Amino acid sequence: MPLQQSTAPGAGPAAAAPSDPARSAEAQIGKVASLLGSLEGAPAPLAPVATSVLDSAELALENKLVQVRLGIASSLFAAIRAKHAPTAHHSMRVALSCSAWAATLGLNDEDRDLLEVAALLHDIGKIGVPDSILLKPAQLTADEYQLIERHRLIGVDILRSCCTSLSVLQIVQHAGAWFDGSREGQQVTGELLPLGARILAIVDAFDSMTTDQVYRRALARERAFAELFSHAGRQFDPRLVQEFCNYINADPVKLQSVVARRWLKDLQGTEGDGSLWQLTAASPSSPAAKTEILFHRKLLESMQDAVVFIDSSLKILLWNRAAERLTGIPTGSIEHKQWTPSVVNLRDEKLKLIREEQCPVTQAIESGVQTLRRLSIIGRNGEQVEIDAHLVPVQSKSGTKHGAALLLHDASNQITLEERIESLHEQATRDPLTHVANRAEFDQIMATCVETHLDRQLPCSLIMCDIDHFKKVNDTYGHQAGDEVLVTFAALLRRHCRTGDLVARYGGEEFVLLCADCNNATATRKAEEIRLEITEVAMPSLQGKSVSASFGVTELQSGDSAETFLRRSDRALYQAKANGRNMVVQLGSGMVGGEKIEKRRGWFSWLQPAAATQTVLERSMVTSMPFNIVVEKMRGFVSDHEAQIESVTEDQLVLKIDGHQAPAARRSSDRAVPFIVEMKFEEVPFASDDKPTYSMMRTIIHITIRPQRDRDRRHQDILDCAQGLAASLKAYLVAQDYDKPPA
Numbered sequence: 001m002p003l004q005q006s007t008a009p010g011a012g013p014a015a016a017a018p019s020d021p022a023r024s025a026e027a028q029i030g031k032v033a034s035l036l037g038s039l040e041g042a043p044a045p046l047a048p049v050a051t052s053v054l055d056s057a058e059l060a061l062e063n064k065l066v067q068v069r070l071g072i073a074s075s076l077f078a079a080i081r082a083k084h085a086p087t088a089h090h091s092m093r094v095a096l097s098c099s100a101w102a103a104t105l106g107l108n109d110e111d112r113d114l115l116e117v118a119a120l121l122h123d124i125g126k127i128g129v130p131d132s133i134l135l136k137p138a139q140l141t142a143d144e145y146q147l148i149e150r151h152r153l154i155g156v157d158i159l160r161s162c163c164t165s166l167s168v169l170q171i172v173q174h175a176g177a178w179f180d181g182s183r184e185g186q187q188v189t190g191e192l193l194p195l196g197a198r199i200l201a202i203v204d205a206f207d208s209m210t211t212d213q214v215y216r217r218a219l220a221r222e223r224a225f226a227e228l229f230s231h232a233g234r235q236f237d238p239r240l241v242q243e244f245c246n247y248i249n250a251d252p253v254k255l256q257s258v259v260a261r262r263w264l265k266d267l268q269g270t271e272g273d274g275s276l277w278q279l280t281a282a283s284p285s286s287p288a289a290k291t292e293i294l295f296h297r298k299l300l301e302s303m304q305d306a307v308v309f310i311d312s313s314l315k316i317l318l319w320n321r322a323a324e325r326l327t328g329i330p331t332g333s334i335e336h337k338q339w340t341p342s343v344v345n346l347r348d349e350k351l352k353l354i355r356e357e358q359c360p361v362t363q364a365i366e367s368g369v370q371t372l373r374r375l376s377i378i379g380r381n382g383e384q385v386e387i388d389a390h391l392v393p394v395q396s397k398s399g400t401k402h403g404a405a406l407l408l409h410d411a412s413n414q415i416t417l418e419e420r421i422e423s424l425h426e427q428a429t430r431d432p433l434t435h436v437a438n439r440a441e442f443d444q445i446m447a448t449c450v451e452t453h454l455d456r457q458l459p460c461s462l463i464m465c466d467i468d469h470f471k472k473v474n475d476t477y478g479h480q481a482g483d484e485v486l487v488t489f490a491a492l493l494r495r496h497c498r499t500g501d502l503v504a505r506y507g508g509e510e511f512v513l514l515c516a517d518c519n520n521a522t523a524t525r526k527a528e529e530i531r532l533e534i535t536e537v538a539m540p541s542l543q544g545k546s547v548s549a550s551f552g553v554t555e556l557q558s559g560d561s562a563e564t565f566l567r568r569s570d571r572a573l574y575q576a577k578a579n580g581r582n583m584v585v586q587l588g589s590g591m592v593g594g595e596k597i598e599k600r601r602g603w604f605s606w607l608q609p610a611a612a613t614q615t616v617l618e619r620s621m622v623t624s625m626p627f628n629i630v631v632e633k634m635r636g637f638v639s640d641h642e643a644q645i646e647s648v649t650e651d652q653l654v655l656k657i658d659g660h661q662a663p664a665a666r667r668s669s670d671r672a673v674p675f676i677v678e679m680k681f682e683e684v685p686f687a688s689d690d691k692p693t694y695s696m697m698r699t700i701i702h703i704t705i706r707p708q709r710d711r712d713r714r715h716q717d718i719l720d721c722a723q724g725l726a727a728s729l730k731a732y733l734v735a736q737d738y739d740k741p742p743a
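Counting in our numbering, the sequence shown runs from 1 upward without gaps.
Worth double-checking, as some hints may not be accurate.
Simulated pairs of lysine-lysine, BS3-like, Cα-Cα distance not exceeding 30 Å [stated by the list, open to error]: (1) Lys397 with Lys545; (2) Lys136 with Lys352; (3) Lys136 with Lys83; (4) Lys397 with Lys83; (5) Lys83 with Lys298; (6) Lys545 with Lys298; (7) Lys397 with Lys315; (8) Lys136 with Lys350; (9) Lys315 with Lys350; (10) Lys633 with Lys577; (11) Lys680 with Lys633; (12) Lys298 with Lys315; (13) Lys577 with Lys472; (14) Lys401 with Lys352; (15) Lys350 with Lys471; (16) Lys471 with Lys397; (17) Lys315 with Lys83.
Just so you know, the hints here were simulated from the structure itself, not pulled from any lab data.
Bear in mind the structure is a predicted one, so any value in this text is a computation, not a measurement.
The task is simple: from the sequences and hints, build the whole structure.
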């Protein structure tokens with residue numbers, strides 16, 4: 001199915017502007033990095049907040065960045081932000097990513113300028129899209145998608161009336177074109193398409209895929225890469241897709257530095273120049289007002305009950321963390337959308353779906369009367385959840401209706417997975433210094449968590465973090481100061497926990513955060529929020545200085561064990577530290593498209609041989625990843641499974657994996673089974689039937705798994721073990737089963 005580019009883009013908060021305009025660009029990189037949420041250093045964008053509660057300094061920096069690139073045309077960006085703030089934030093992320101990538105591609109300054117301006121304004125045509133479609137809190141129908149696609153033509157018409165650069169117009173016009181020309185009405189194909197348009201198309205799609213939408217969670221980066229490769233040669237330039245993958249795996253700190261220097265170099269010159277065309281941030285006029293807003297935001301974020309603010313036009317202004325936790329709908333995908341009862345599958349006391357004309361929110365706004373009703377919604381696990389809905393109309397003293405506040409309290413008596421884990425959490429033995437769980441209790445709880453989430457096919461993520469240069473803190477300020485840093489960091493991690501999450505001190509200055517029912521993108525966003533916050537905490541014992549931390553994030557995958565889950569997170573943390581520290585690195589493809597391993601439970605299953613021959617399992621898979629990337633993924637598989645390479649040739653790899661225990665193993669007598677895994681790789685061209693000219697290579701993997709020892713063939717869980725290994729390989733390679741039998 002073709003990718004839909006940025007039909008409902010997510011948003012990320014702007015970064016705070018430095019108080020001293022004369023500070024160097026390098027000193028501002030950390031602030032700009034929070035705005036560059038889609039760059040590799042922060043692979044997934046941060047959760048958006050309503051524009052009305054953006055910090056004035058954050059909004060001011062975004063305004064300055066836009067003005068440096070657009071000048072007088074910055075009013076166009078202000079217009080799209082007023083129309084739909086998530087689209088503006090998406091455009092900013094895409095523009096900054098295009099700028100950094102263009103630097104690695106060696107584009108000259110003039111071409112790079114044109115690309116940046118085109119990327120900032122590529123969605124300007126959404127000004128002409130009806131709110132009923134742009135704010136729709138659900139996946140678009142085919143007809144609605146065709147209608148919203150008209151925004152590209154509208155955007156070109158808007159720009160043509162004020163933009164004198166033919167190159168910018170052509171980039172915006174052709175950004176939605178498909179490389180092979182198969183899109184209806186397309187005239188130009190292949191490398192005749194402007195280079196900027198081909199670059200913009202890839203970055204636009206990648207940002208949309210890795211941003212939460214109402215109808216789906218953000219994809220893990222590796223799955224987004226797989227989607228790009230699967231559409232390479234048809235929708236995207238295959239050469240540029242490969243280059244984009246190389247760019248994402250480059251040094252993110254250097255890339256951010258390049259972008260910051262380029263985008264901030266003219267800020268001092270624009271300060272106080274008296275220009276008529278300058279964006280100004282609507283912000284509180286006094287420090288007291290700013291402090292009051294901070295109190296309100298902290299209160300809403302920490303509440304256990306879901307809180308939703310809905311204006312008089314039924315647009316959702318705020319969706320707090322508890323609402324995200326209760327419904328499973330990410331904040332970034334629902335704010336600025338239109339409220340309808342179907343958003344949460346709202347049902348009345350008789351479990352009948354509430355129609356729009358019967359919506360209690362609409363009734364509360366119109367009547368001006370508070371109501372409290374026992375209703376039900378579909379929770380984040382897809383199950384019906386009883387709630388107490390408290391609807392509070394919001395009116396001015398003059399009687400003007402501004403909207404309503406909706407408070408949702410979970411009234412169900414169901415004991416959820418998270419509550420069971422929370423019960424274990426409360427019983428855990430605490431680390432005496434930081435008062436979080438210790439390593440022994442973490443190991444026990446994680447084993448249970450991994451087993452349960454795999455069995456129920458629920459996402460679960462692990463964040464491993466390490467305080468940067470902690471030895472220097474102890475050596476410079478003393479161990480008591482080091483203890484204060486540890487306590488402060490542990491408290492910060494606990495503040496970012498939901499019900500069911502677990503924080504533990506893994507050892508020394510290393511901590512882990514186990515996030516139940518949480519995918520890769522959400523965990524990465526949480527890690528990025530923690531990373532930014534710890535750098536802003538001034539510590540008295542460090543003479544008012546702050547510390548930084550590095551983070552490795554991964555999501556549970558099919559075929560994982562607690563050990564592979566932990567090693568992959570540790571590998572991500574190692575990459576973060578190797579790339580310069582003070583960053584978040586995400587690894588793994590997650591549970592999307594995973595397969596559940598069926599386990600045999602019969603009393604006499606141990607009498608049955610796993611196979612008539614020594615080979616237990618044969619399977620063929622295909623991945624859209626080219627062979628050079630498959631090699632990199634296999635390195636990760638070998639590392640996380642602690643496999644030994646028995647032999648390797650140009651197209652064949654034989655591994656020995658010791659100590660692989662079946663997922664069903666419970667008894668101490670269940671011994672681990674060593675396996676031999678043979679893989680043959682075959683690269684084949686894949687071209688569309690109607691456009692065979694543009695092709696991309698696919699990699700086919702033929703897998704054979706057998707126990708190392710013949711006596712293990714009658715082990716009751718031998719087939720389960722082999723299936724687990726095959727499922728793990730499938731997840732690492734982001735592959736699909738291949739029907740054609742091996743040659």
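The hints, checked one at a time:
A distance of roughly 47 Å separates the Cα atoms of Lys397 and Lys545; the hinted pair therefore is violated under the 30 Å criterion. Restraint check for Lys136 and Lys352: the C-alpha separation of about 22 Å stays at or below 30 Å, so the hint holds. With a CA separation close to 14 Å, the supplied pair Lys136 and Lys83 stays within the 30 Å bound. Note on Lys397 and Lys83: the hinted pairing holds, with a Cα-Cα distance of about 28 Å set against a maximum of 30 Å.
Simply put, Lys83 and Lys298 have alpha-carbon atoms about 27 Å apart, close enough for the 30 Å limit, and the pair holds. The hinted pair formed by Lys545 and Lys298 meets the criterion: a straight-line CA distance of about 24 Å does not exceed 30 Å. With a C-alpha separation of about 22 Å, the suggested pairing of Lys397 with Lys315 holds against the 30 Å cut-off. About 27 Å separates the Cα atoms of Lys136 and Lys350, which keeps this hinted pair within 30 Å; it holds.
Among the hinted pairs, Lys315 with Lys350 is consistent with the structure: their alpha-carbon atoms are about 27 Å apart, no more than 30 Å. For a cut-off of 30 Å, the pair hint linking Lys633 to Lys577 stands: about 20 Å separates their Cα positions. Under the criterion of a C-alpha separation no larger than 30 Å, the hint pairing Lys680 with Lys633 is consistent with the structure, at around 15 Å. In summary, the hint linking Lys298 to Lys315 is supported, as the alpha carbons are separated by about 22 Å, within the 30 Å threshold.
Using a Cα cut-off of 30 Å, the hinted pair Lys577 and Lys472 holds, with the two alpha carbons roughly 15 Å apart. A threshold of 30 Å between alpha carbons decides the hint, and for Lys401 with Lys352 the separation of about 29 Å falls inside it, so the pair holds. The hinted pair formed by Lys350 and Lys471 fails the criterion: a straight-line CA distance of about 62 Å is larger than 30 Å. A distance of roughly 59 Å separates the Cα atoms of Lys471 and Lys397; the hinted pair therefore is violated under the 30 Å criterion.
With a C-alpha separation of about 12 Å, the suggested pair Lys315 and Lys83 falls inside the 30 Å cut-off, and the hint holds.
The structure is inconsistent with the numbered hints 1, 15, 16, although it conforms to all the rest.
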